[in-house]
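Student: Going down the list, the protein sequences come from chains A, B, C, D, E and F. Numbering follows our numbering, in which position 187 of the first sequence is assigned residue number 188; successive positions increment by one, without gaps. Numbering follows our numbering, in which position 292 of the second sequence is assigned residue number 293; successive positions increment by one, without gaps. Numbering follows our numbering, in which position 71 of the third sequence is assigned residue number 72; successive positions increment by one, without gaps. Numbering follows our numbering, in which position 52 of the fourth sequence is assigned residue number 53; successive positions increment by one, without gaps. Numbering follows our numbering, in which position 188 of the fifth sequence is assigned residue number 189; successive positions increment by one, without gaps. Numbering follows our numbering, in which position 174 of the sixth sequence is assigned residue number 175; successive positions increment by one, without gaps.
Source of the hints: derived by calculation from the structure; they are not laboratory data.
Chain copies aren't distinguished; within one or between two, either way the pair holds.
Capping the alpha-carbon separation at 30 Å, the derived lysine-lysine pairs in BS3-like fashion look like this:
(1) LYS147 to LYS16
(2) LYS246 to LYS168
(3) LYS79 to LYS6
(4) LYS147 to LYS17
(5) LYS147 to LYS274
(6) LYS16 to LYS79
(7) LYS246 to LYS224
(8) LYS274 to LYS168
(9) LYS298 to LYS274
(10) LYS16 to LYS168
(11) LYS168 to LYS6
(12) LYS224 to LYS274
(13) LYS147 to LYS224
(14) LYS17 to LYS79
All values reported here derive from a predicted model rather than from experimental measurement.
6 protein chains.
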Amino acid sequence: MSSYKYAENLEETVKKLSDFHSLEELHHQSCKGEVLPSGQQLRELISLCRSLIFPGFYGSPDVSDKNLLYHTGINTEKLFDLLVQQISAGLLFATNDPVLHNDPNQLEELAEQRAVEFISYLPEMRRVLSTDVTAMYNGDPAAQSKAEVILCYPAIRAICNYRIAHKLLTLGVPLIPRIITEMAHSETGIDIHPAATIGEYFAIDHGTGVVIGATSIIGNRVKLYQGVTLGARSFPLDEHNNPIKGIARHPIIEDDVIIYSNATILGRITIGKGAVIGGNIWVTENVAPGERLVQAKAKQ
Amino acid sequence: MSSYKYAENLEETVKKLSDFHSLEELHHQSCKGEVLPSGQQLRELISLCRSLIFPGFYGSPDVSDKNLLYHTGINTEKLFDLLVQQISAGLLFATNDPVLHNDPNQLEELAEQRAVEFISYLPEMRRVLSTDVTAMYNGDPAAQSKAEVILCYPAIRAICNYRIAHKLLTLGVPLIPRIITEMAHSETGIDIHPAATIGEYFAIDHGTGVVIGATSIIGNRVKLYQGVTLGARSFPLDEHNNPIKGIARHPIIEDDVIIYSNATILGRITIGKGAVIGGNIWVTENVAPGERLVQAKAKQ
Amino acid sequence: MSSYKYAENLEETVKKLSDFHSLEELHHQSCKGEVLPSGQQLRELISLCRSLIFPGFYGSPDVSDKNLLYHTGINTEKLFDLLVQQISAGLLFATNDPVLHNDPNQLEELAEQRAVEFISYLPEMRRVLSTDVTAMYNGDPAAQSKAEVILCYPAIRAICNYRIAHKLLTLGVPLIPRIITEMAHSETGIDIHPAATIGEYFAIDHGTGVVIGATSIIGNRVKLYQGVTLGARSFPLDEHNNPIKGIARHPIIEDDVIIYSNATILGRITIGKGAVIGGNIWVTENVAPGERLVQAKAKQ
Amino acid sequence: MSSYKYAENLEETVKKLSDFHSLEELHHQSCKGEVLPSGQQLRELISLCRSLIFPGFYGSPDVSDKNLLYHTGINTEKLFDLLVQQISAGLLFATNDPVLHNDPNQLEELAEQRAVEFISYLPEMRRVLSTDVTAMYNGDPAAQSKAEVILCYPAIRAICNYRIAHKLLTLGVPLIPRIITEMAHSETGIDIHPAATIGEYFAIDHGTGVVIGATSIIGNRVKLYQGVTLGARSFPLDEHNNPIKGIARHPIIEDDVIIYSNATILGRITIGKGAVIGGNIWVTENVAPGERLVQAKAKQ
Amino acid sequence: MSSYKYAENLEETVKKLSDFHSLEELHHQSCKGEVLPSGQQLRELISLCRSLIFPGFYGSPDVSDKNLLYHTGINTEKLFDLLVQQISAGLLFATNDPVLHNDPNQLEELAEQRAVEFISYLPEMRRVLSTDVTAMYNGDPAAQSKAEVILCYPAIRAICNYRIAHKLLTLGVPLIPRIITEMAHSETGIDIHPAATIGEYFAIDHGTGVVIGATSIIGNRVKLYQGVTLGARSFPLDEHNNPIKGIARHPIIEDDVIIYSNATILGRITIGKGAVIGGNIWVTENVAPGERLVQAKAKQ
Amino acid sequence: MSSYKYAENLEETVKKLSDFHSLEELHHQSCKGEVLPSGQQLRELISLCRSLIFPGFYGSPDVSDKNLLYHTGINTEKLFDLLVQQISAGLLFATNDPVLHNDPNQLEELAEQRAVEFISYLPEMRRVLSTDVTAMYNGDPAAQSKAEVILCYPAIRAICNYRIAHKLLTLGVPLIPRIITEMAHSETGIDIHPAATIGEYFAIDHGTGVVIGATSIIGNRVKLYQGVTLGARSFPLDEHNNPIKGIARHPIIEDDVIIYSNATILGRITIGKGAVIGGNIWVTENVAPGERLVQAKAKQ
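Start from the sequences and build out the full structure, keeping to the hints where you can.
Tutor: Written out as structure tokens, the structure is:
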């Protein structure tokens with residue numbers, strides 16, 4: 002095929018699409034040649050975290066007590082490098098701070114500090130994720146072993162990405178956390194905002210369609226089924242009729258709550274400790290501790 | 002490993018599976034050696050469209066006012082070539098027209114015309130997509146910037162694929178549009194049929210589980226949450242008890258409607274301007290403009 | 002970038018992460034160097050099955066009556082090799098049987114037998130899948146051709162993976178079946194447990210969010226829409242308060258049932274022959290044959 | 002890094018390099034979008050020929066009497082496709098024939114005929130190459146087996162490429178043969194012009210630096226060592242002082258000749274049957290059958 | 002396979018090989034994490050130069066007067082980026098200058114200046130290389146077209162790499178030029194030191210084994226055949242018995258000289274204008290202009 | 002393109018090429034499904050050896066005293082695995098020993114022992130190669146640093162491959178050593194038989210065309226220039242007129258000898274300590290220690 006015959010027809014479109022002034026906010030101009038957040042690097046970063054946390058299940062399968070030190074050393078080094086690059090990229094992308102844009106040494110210094118803090122947190126992250134694995138193994142009669150949970154359950158991958166992203170967010174890294182949770186969203190259908198707060202022994206079964214909003218607070222030993230939404234109900238508007246950003250607007254789910262499939266919990270309400278929310282219902286008011294709520298009876 | 006020992010056991014299965022007469026409609030015979038629709042090429046085609054529409058966010062990150070013309074020129078040329086190949090492939094796959102199958106010059110001529118028409122539409126497609134970006138940024142308190150919407154929000158990718166596929170469909174290209182929207186479906190969980198009609202400032206939040214049927218008509222400034230279905234209720238059957246194809250059977254959603262998560266809207270009904278449909282409900286009758294509909298109260 | 006400056010800071014984390022005793026069940030030690038289940042190989046295995054079952058649609062597009070024998074022969078051989086490797090990997094991973102771990106000849110013998118049995122079943126699997134294609138083509142007014150169904154419909158890919166995984170499960174292969182259905186889950190949002198029992202002419206429309214639990218039994222000519230759950234309601238607990246594994250706890254769906262989008266059917270109940278379950282409802286009790294059930298009316 | 006700061010400096014060079022008129026013969030304009038000869042495709046083409054001729058040594062190692070038919074069938078089909086593409090590319094590149102440039106059906110017809118003729122010759126090519134293998138195995142005390150010769154000896158690869166290229170040249174295919182022998186030249190340091198005529202049982206030892214010119218004629222059972230040149234001495238010049246093309250100007254080497262390392266044989270002379278040429282000498286006159294020629298004695 | 006059983010045996014070797022003090026000059030410590038010269042990037046850099054100089058022959062084949070500007074713009078930008086990276090890498094690798102090692106802005110500034118100077122020279126480099134193409138086409142009766150020379154002749158690739166490397170060397174870039182000529186050496190068997198000085202209309206036929214030393218000076222319209230050495234005869238030694246570096250020690254070849262295959266020209270001698278040196282001879286003294294020198298007669 | 006039209010024409014050739022009986026020694030039948038020697042794995046094996054011997058120059062550039070242990074540990078483990086696989090492959094390919102073919106545990110045991118012995122030799126191999134680097138740096142006025150020698154000089158790569166291959170040969174590994182030296186031959190034009198014996202401080206300058214035969218013995222501090230042959234003169238023939246294998250037939254080069262470019266040294270002769278052999282000469286008789294030999298004078 003050849004575009005030769007239509008070169009002149011195409012010329013005009015090329016000109017229109019190249020009109021920089023028409024682009025406004027639809028492009029990103031990288032006039033200093035900074036590295037941008039890279040999907041491929043972030044996927045590798047996630048892979049490295051997973052293989053450091055669950056060695057032998059992710060990353061090289063040939064891990065033993067004889068060589069774990071070597072593998073951990075190499076993977077930590079690679080992770081550090083990727084973190085420094087992507088944290089830098091996120092900082093440059095999301096801020097206009099002239100110091101960061103003009104002084105590469107300061108930018109690198111900042112990114113390296115964040116990277117070290119993140120890596121230092123990995124042993125604790127492993128401990129918390131192990132409670133999630135336990136919760137999902139204990140809570141699912143179909144699970145044959147914890148190995149099956151770690152290897153096959155999409156919720157583990159989604160929660161792992163969330164815990165990584167949440168830590169980066171608390172370290173002040175912009176944009177990157179959101180990309181990381183959206184990767185899990187695409188892979189598993191589970192959409193957890195990195196700003197949400199989630200306790201230990203957290204379980205999601207099946208998971209497709211789960212949405213956990215940015216200001217949600219989830220206690221310990223909570224279990225969600227597929228299609229559950231922890232969302233916002235309405236937003237206070239500013240003078241331009243746009244939602245005001247940064248207001249707590251998602252539910253608080255206390256310890257030991259179970260929410261069945263496709264239930265929708267909306268607004269800054271509290272689902273009390275030990276409550277059980279049945280499937281396919283729409284909840285916009287507080288639910289008392291221990292309460293059990295189910296859908297109105299269907300009709301024939 | 003080796004199949005040598007079991008060669009004779011396998012032989013019989015090979016023969017059964019190679020029995021061409023048993024295949025009927027389960028294979029595609031390509032007796033002229035035509036190029037087939039290719040998932041890999043279509044993924045590249047989508048990437049090129051995205052980088053032409055949102056330069057710097059997709060494709061090469063090193064885009065500036067100094068070099069945008071070069072990038073646009075090269076990408077337009079590549080896109081033209083891919084379009085010609087895939088449009089040809091779609092035409093050959095889906096039609097029995099002997100002219101297209103036997104006269105490569107006529108086929109190429111037709112495919113090139115469609116490709117040029119598609120490319121000429123890209124500046125307008127950029128304008129419409131920019132309204133979708135604006136709607137999603139304004140409507141989500143969690144969005145930090147339009148850049149975050151373009152880079153991270155799955156709905157942008159799904160709507161972008163839909164707008165590309167819809168244009169190709171209106172140009173008479175078979176099969177390819179459906180493959181393109183199914184790619185977005187797999188990536189985002191959002192399933193928009195390429196034949197649906199969708200206005201400007203269209204927003205989908207989170208998105209997993211959204212289904213928009215082939216004859217749906219959606220106005221301007223409509224917002225859908227995850228799990229919303231715009232589906233068909235029942236199909237008139239033909240004499241063989243199969244659904245009659247081509248009848249309008251999906252809803253009409255007028256301007257400024259909001260539909261919350263997991264709501265199911267079925268049949269050729271109309272949701273009037275400015276109506277609000279609560280989550281988890283099943284709607285099979287018209288809803289008046291401005292009406293607000295929510296689920297029957299749950300019971301304890 | 003360089004981790005040099007922070008080498009000592011990182012050293013401590015490396016040591017903590019390399020502490021083998023802290024890993025307990027969070028790692029997999031492969032002290033004999035066995036091959037592990039491999040996502041990449043299983044993806045290739047699925048591709049080979051698809052191209053053997055639907056030649057010309059999957060795999061090489063240049064299939065004709067002249068060369069189908071060659072393609073089938075080569076693909077069967079490759080499939081055999083992959084099956085032997087992955088069945089061996091699954092057996093070693095999931096069992097502690099010392100014979101399999103220490104006698105490579107016995108392990109290979111067992112894996113080869115299973116592989117041959119699986120391959121011998123492929124012609125029958127093709128027949129059953131062709132009924133699924135027919136059901137989806139006949140049941141969807143938007144489908145232009147069976148080719149479109151085979152090429153574009155995610156449900157075909159999910160059901161194909163399920164039927165492969167179910168056969169492997171009945172042959173006693175551990176772990177691998179679950180990985181195979183989770184691949185389809187990630188790709189399509191449809192989560193079918195490999196242990197479920199599903200009849201012929203099975204159709205799923207759109208599909209995202211569908212969950213079919215391990216002990217579900219589905220008859221012939223059943224149709225599910227997106228977001229339908231066939232789940233468990235409650236689990237008998239053992240003395241440690243954990244669910245008892247292996248008890249029938251999912252629904253029985255008899256022949257000719259239709260279940261609309263986002264309906265949740267929970268527990269070992271029976272949905273009788275020809276029943277129609279409306280969308281967004283929560284069903285925990287038997288439904289009589291032919292009954293039609295819809296949601297309680299919404300309120301304004 | 003970024004080219005932004007120097008954009009204007011680079012602009013001028015871009016303009017100079019884009020001045021089409023300055024390019025004259027230094028570019029290739031492909032105004033019809035024809036496929037060009039492709040190094041990657043030709044490498045694959047050579048691999049396919051090698052695996053058809055020496056199955057099990059090249060290509061899939063899992064070849065047995067049970068599956069050779071399948072492998073041969075598939076590889077022949079792939080080879081046919083590549084040949085048709087590359088023969089077409091060579092014809093378009095090297096000729097100005099308007100029929101070939103404007104009638105794709107005629108071009109394809111011609112290319113397909115040549116491809117079939119080439120493939121039909123492969124069994125005979127296998128027979129001739131087997132004589133070369135035998136000659137190299139018998140003539141080298143260091144060779145442990147014919148398998149070692151086929152797998153390791155660069156001369157086999159160079160002669161194999163030559164025999165493929167020579168056949169294509171005699172079928173009237175332009176350019177492609179030369180690219181094929183230059184691939185072997187780069188890989189082995191052995192430079193055989195595709196137009197040379199070479200008999201059976203041909204052996205080259207080590208091979209680096211061997212040059213065999215276009216009009217050379219080599220008999221049966223000839224053996225060359227590394228660095229041997231069969232070259233031209235002087236060329237009759239035309240009125241512009243350029244060499245006249247197409248004149249026989251390289252040596253005739255009769256049966257059973259041995260030429261030792263770094264000997265240079267120049268001009269249309271004849272080295273008679275059974276002659277032995279010592280290393281490092283310069284031969285520009287006929288050598289009688291059976292004669293032995295060595296360098297003048299060195300001095301201290 | 003598994004290294005588990007031999008872990009302790011291997012442990013000792015790992016320790017020996019990791020003993021940093023034993024490494025002395027055999028390793029390169031990159032304590033600042035600088036980018037190193039990269040073979041892969043340099044291969045891409047060469048590809049970009051070739052496609053800028055000979056558009057349509059190298060790089061994208063779809064070059065026409067309609068799109069040459071776009072291709073040139075994009076390739077120039079990519080080349081600039083690669084040059085800046087690799088020039089920086091070469092400077093850091095080869096110098097101990099603390100300014101370059103500690104001030105990334107100064108290093109980048111220097112590398113960018115050199116990159117711009119190099120790119121500005123490309124139009125002149127194209128002109129000179131076109132004289133080499135002409136010389137090789139006119140001088141070889143086997144050449145069918147200049148296109149064949151550009152596409153197939155290894156000498157063009159070797160001379161192109163030399164001219165690129167020589168320019169970088171004169172711009173003060175260390176190490177990189179040598180890597181670039183060694184790439185051509187490996188690909189073509191032609192070893193030209195980047196410091197050599199070579200005039201226009203330079204031709205090498207076949208080329209394998211040609212060696213051109215660092216202080217060689219070659220005039221215009223010189224032609225070399227395969228295996229020709231322009232080498233050094235003896236080196237003045239310093240007090241440690243090592244050769245003194247930097248002394249002119251290779252031949253001067255004046256205009257219009259022809260040197261036949263495998264001739265060895267050693268030392269700082271002069272081969273006068275228009276001289277002809279026969280093959281396989283060893284020349285260590287001046288040769289007068291126009292003289293013709295051939296090997297002593299062989300003996301039987 | 003399609004082979005459909007010519008399917009019957011091709012059918013006959015497919016049958017001829019698939020006739021197993023006609024293949025005799027031209028194929029390799031792998032009836033047990035053994036792994037074969039793999040070019041790709043051997044290239045990776047060589048890369049690992051190079052990065053263990055010259056860390057920072059080959060393999061990861063980010064090597065420092067902080068992380069060398071990790072890199073060495075991981076690379077040693079990978080090398081062990083590759084060695085076990087390729088040694089097994091070589092043993093199966095080259096021997097008919099039924100024990101090795103039928104008892105996978107014995108084969109693995111043998112391969113693992115050889116792999117451990119090889120790896121244990123690496124520290125000594127590093128020491129010897131460091132003498133070669135020193136010899137080449139000291140002997141070449143053009144060398145700027147030892148780093149340049151290690152990174153750029155083809156002879157280092159060729160000698161490195163030779164020393165690896167020679168060690169494997171002395172450990173009784175068949176076939177693999179020859180493949181390894183042929184890889185270096187293709188890359189550098191230097192052809193060293195793995196069975197040759199070569200001392201320390203060995204230098205080759207430029208190298209293209211150097212041939213060192215299987216029974217050559219080379220002392221310490223020897224230097225060869227490009228195109229030097231250490232070959233065999235004539236072979237005693239057996240009763241079938243084929244060369245008798247295994248007889249010493251190549252030269253002995255004593256310490257401190259220099260041999261200039263394109264010299265050919267043939268037969269089991271001895272070049273005495275400190276002798277200097279001029280270029281382009283043919284030597285078939287002993288040369289006394291300290292002697293200097295040059296070509297007979299050229300004539301005009």
